[in-house]
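If you read the sequences in order, they're chains A and B.
For the first sequence, the positions run 1 to 102 when the numbering used here is used.
For the second sequence, the positions run 1001 to 1102 when the numbering used here is used.
Hint data in this document are derived by calculation from the structure and do not stem from the laboratory.
Worth double-checking, as some hints may not be accurate.
Facing chain A, from chain B, some residues (calculated, C-beta under 7 angstroms) [as the list claims (entries may be wrong)]: (1) Thr1036; (2) Lys1040; (3) Phe1042; (4) Gln1044; (5) Asp1059; (6) Val1068.
Lysine-lysine pairs mimicking DSS-like chemistry, simulated, CA-CA at most 30 angstroms apart [stated by the list, open to error]: (7) B:Lys1004 - A:Lys4; (8) A:Lys4 - A:Lys40; (9) B:Lys1038 - A:Lys94; (10) A:Lys94 - B:Lys1040; (11) A:Lys43 - B:Lys1032; (12) B:Lys1032 - B:Lys1004; (13) A:Lys4 - B:Lys1087; (14) A:Lys43 - A:Lys32; (15) A:Lys5 - A:Lys32; (16) A:Lys5 - B:Lys1032; (17) B:Lys1005 - B:Lys1040; (18) B:Lys1094 - B:Lys1004; (19) B:Lys1004 - A:Lys94; (20) B:Lys1043 - B:Lys1032; (21) A:Lys43 - B:Lys1071; (22) B:Lys1071 - A:Lys4; (23) A:Lys4 - B:Lys1005; (24) B:Lys1038 - A:Lys71; (25) A:Lys71 - B:Lys1094; (26) B:Lys1087 - B:Lys1032; (27) B:Lys1004 - A:Lys32; (28) B:Lys1038 - B:Lys1005; (29) B:Lys1038 - A:Lys4; (30) B:Lys1087 - B:Lys1040; (31) B:Lys1004 - A:Lys5; (32) A:Lys43 - B:Lys1040; (33) B:Lys1087 - B:Lys1005; (34) A:Lys38 - B:Lys1071; (35) A:Lys87 - A:Lys4; (36) B:Lys1094 - A:Lys87; (37) B:Lys1094 - A:Lys4; (38) A:Lys71 - A:Lys32; (39) B:Lys1004 - B:Lys1043.
All residues carry an ideal CB built from backbone N, CA and C; glycine is no exception.
Protein chains: 2
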Amino acid sequence: MTVKKLESHEIDQALNQLNSSASPSWTIEDDKFTKTFKFKNFKQAFGFMTMCAMQAEQDDHHPEWFNVYNKVVVQLTTHEASGVSQKDVDLAQKMDAFAQCF
Amino acid sequence: MTVKKLESHEIDQALNQLNSSASPSWTIEDDKFTKTFKFKNFKQAFGFMTMCAMQAEQDDHHPEWFNVYNKVVVQLTTHEASGVSQKDVDLAQKMDAFAQCF
């Protein structure tokens, strides 16, 4: 199944939906959904990453992410779509939900 | 206990020792020990990160790292020493050992 790149207005719509509750917000940077998650400490940050990693593996859709201590900078894109797709919206929603566990 | 920043010749010595067996090599970039680890897939890359994370937490010395799929880019520095310290040499050695598990 081909994964479709989201159009500009679909990305705006997705960002509005993602950012309606959570803070800080998802943004688009380098054509990727981007968000910086901050936790209390490394243990929580890596706990969050572990939840995301297991979900990502299950969905076969993986984040690009940078971690230093309590901070996790996430970027989401879909290589086969050459841009952001619904897969990234779905993963972003799950990440927000996981972050709320801490 | 104060953590001492390594002198230039100590860093060279540490890099020689770290790179005597492993490939690819550790280098110094932005005053940080830097290495890119590549694995077969995401599951292995994150398995490696998990081993490192537990060690880092135990030693209370954490990496800066970026992951995308099978690739893990690691940078090691010691904030309280404002540079590379023996803690980074030790963590680098452990990471090399963990990487060999995959």
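Here's how the hints hold up against the structure:
The beta carbon of Thr1036 of chain B is not positioned within 7 angstroms of any beta carbon in chain A (closest approach about 14 angstroms), and the interface hint is therefore violated. Of the supplied interface hints, the one on Lys1040 of chain B is violated, with its beta-carbon coming no nearer than about 13 angstroms to a beta-carbon of chain A, more than 7 angstroms. For Phe1042 of chain B, the interface hint holds, since its Cβ comes within 7 angstroms of a Cβ in chain A; the closest pair sits about 5 angstroms apart. Because the smallest distance between the Cβ of Gln1044 of chain B and any Cβ of chain A comes to about 11 angstroms, over 7 angstroms, the interface hint for this residue is violated.
Interface hint at Asp1059 of chain B: violated, since its Cβ lies 11 angstroms from the closest Cβ of chain A, which is beyond the 7 angstroms cut-off. Nearest Cβ of chain A to the Cβ of Val1068 of chain B: about 4 angstroms, under the 7 angstroms cut. The hint holds. Of the pairs offered as hints, the one joining Lys1004 of chain B and Lys4 of chain A is violated, with about 53 angstroms between alpha carbons and a cut-off of 30 angstroms exceeded. Among the hinted pairs, Lys4 of chain A with Lys40 of chain A is inconsistent with the structure: their alpha-carbon atoms are about 37 angstroms apart, more than 30 angstroms.
Distance hint between Lys1038 of chain B and Lys94 of chain A is fulfilled; the C-alpha atoms sit about 27 angstroms from each other, no more than 30 angstroms. With a C-alpha separation of about 25 angstroms, the suggested pair Lys94 of chain A and Lys1040 of chain B falls inside the 30 angstroms cut-off, and the hint holds. For the hint pairing Lys43 of chain A with Lys1032 of chain B, the CA-to-CA distance comes to about 23 angstroms; that is within 30 angstroms, so the pair holds. The straight-line distance between the Cα atoms of Lys1032 of chain B and Lys1004 of chain B is roughly 15 angstroms, inside the 30 angstroms bound, and the hint therefore holds.
Proposed proximity of Lys4 of chain A and Lys1087 of chain B is contradicted: the alpha carbons are some 46 angstroms apart, above 30 angstroms. Proposed proximity of Lys43 of chain A and Lys32 of chain A is supported: the alpha carbons are some 26 angstroms apart, at most 30 angstroms. For the given pair, Lys5 of chain A sits about 11 angstroms from Lys32 of chain A by alpha-carbon distance, which is consistent with the 30 angstroms threshold. Proximity of Lys5 of chain A to Lys1032 of chain B is assessed by CA-CA distance (about 37 angstroms); at most 30 angstroms being required, the pair is judged violated.
Restraint check for Lys1005 of chain B and Lys1040 of chain B: not satisfied, since their Cα atoms lie roughly 35 angstroms apart, outside the 30 angstroms limit. Distance hint between Lys1094 of chain B and Lys1004 of chain B is fulfilled; the C-alpha atoms sit about 20 angstroms from each other, no more than 30 angstroms. Annotation: proposed proximity of Lys1004 of chain B to Lys94 of chain A is violated, straight-line Cα distance about 42 angstroms (limit 30 angstroms). Pair hint Lys1043 of chain B plus Lys1032 of chain B holds up; C-alpha atoms about 26 angstroms apart against a cutoff of 30 angstroms.
With a CA separation close to 22 angstroms, the supplied pair Lys43 of chain A and Lys1071 of chain B stays within the 30 angstroms bound. A distance of roughly 25 angstroms separates the Cα atoms of Lys1071 of chain B and Lys4 of chain A; the hinted pair therefore holds under the 30 angstroms criterion. At most 30 angstroms may separate the alpha-carbon atoms for a hinted pair to count; Lys4 of chain A and Lys1005 of chain B exceed this at roughly 50 angstroms. Annotation: proposed proximity of Lys1038 of chain B to Lys71 of chain A holds, straight-line Cα distance about 23 angstroms (limit 30 angstroms).
For the hint linking Lys71 of chain A to Lys1094 of chain B, the alpha-carbon distance of about 23 angstroms falls within 30 angstroms, and the restraint holds. Restraint check for Lys1087 of chain B and Lys1032 of chain B: satisfied, since their Cα atoms lie roughly 12 angstroms apart, inside the 30 angstroms limit. A hinted pair counts as satisfied when its Cα atoms are at most 30 angstroms apart, and Lys1004 of chain B with Lys32 of chain A does not qualify at roughly 40 angstroms. Between Lys1038 of chain B and Lys1005 of chain B, the direct Cα distance comes to roughly 29 angstroms. Compliance with the 30 angstroms bound is thereby established for this hinted pair.
Straight-line distance between C-alpha atoms of Lys1038 of chain B and Lys4 of chain A comes to about 29 angstroms, which keeps the hinted pair within the 30 angstroms bound. At roughly 28 angstroms between alpha-carbon atoms, Lys1087 of chain B and Lys1040 of chain B fall within 30 angstroms of each other, so this suggested pair holds. Between Lys1004 of chain B and Lys5 of chain A the alpha-carbon distance is near 50 angstroms, which puts this suggested pair outside the 30 angstroms criterion. Restraint check: the Cα-Cα separation between Lys43 of chain A and Lys1040 of chain B comes to about 26 angstroms, which is no more than 30 angstroms; the hinted pair holds.
With a C-alpha separation of about 10 angstroms, the suggested pairing of Lys1087 of chain B with Lys1005 of chain B holds against the 30 angstroms cut-off. With a CA separation close to 23 angstroms, the supplied pair Lys38 of chain A and Lys1071 of chain B stays within the 30 angstroms bound. Between Lys87 of chain A and Lys4 of chain A the alpha-carbon distance is near 9 angstroms, which keeps this suggested pair within the 30 angstroms criterion. Distance check on the hinted pair: Lys1094 of chain B and Lys87 of chain A sit about 35 angstroms apart at the alpha-carbon level, beyond 30 angstroms; violated.
With a C-alpha separation of about 42 angstroms, the suggested pairing of Lys1094 of chain B with Lys4 of chain A is violated against the 30 angstroms cut-off. For the hint linking Lys71 of chain A to Lys32 of chain A, the alpha-carbon distance of about 18 angstroms falls within 30 angstroms, and the restraint holds. About 36 angstroms separates the Cα atoms of Lys1004 of chain B and Lys1043 of chain B, which puts this hinted pair outside 30 angstroms; it is violated.
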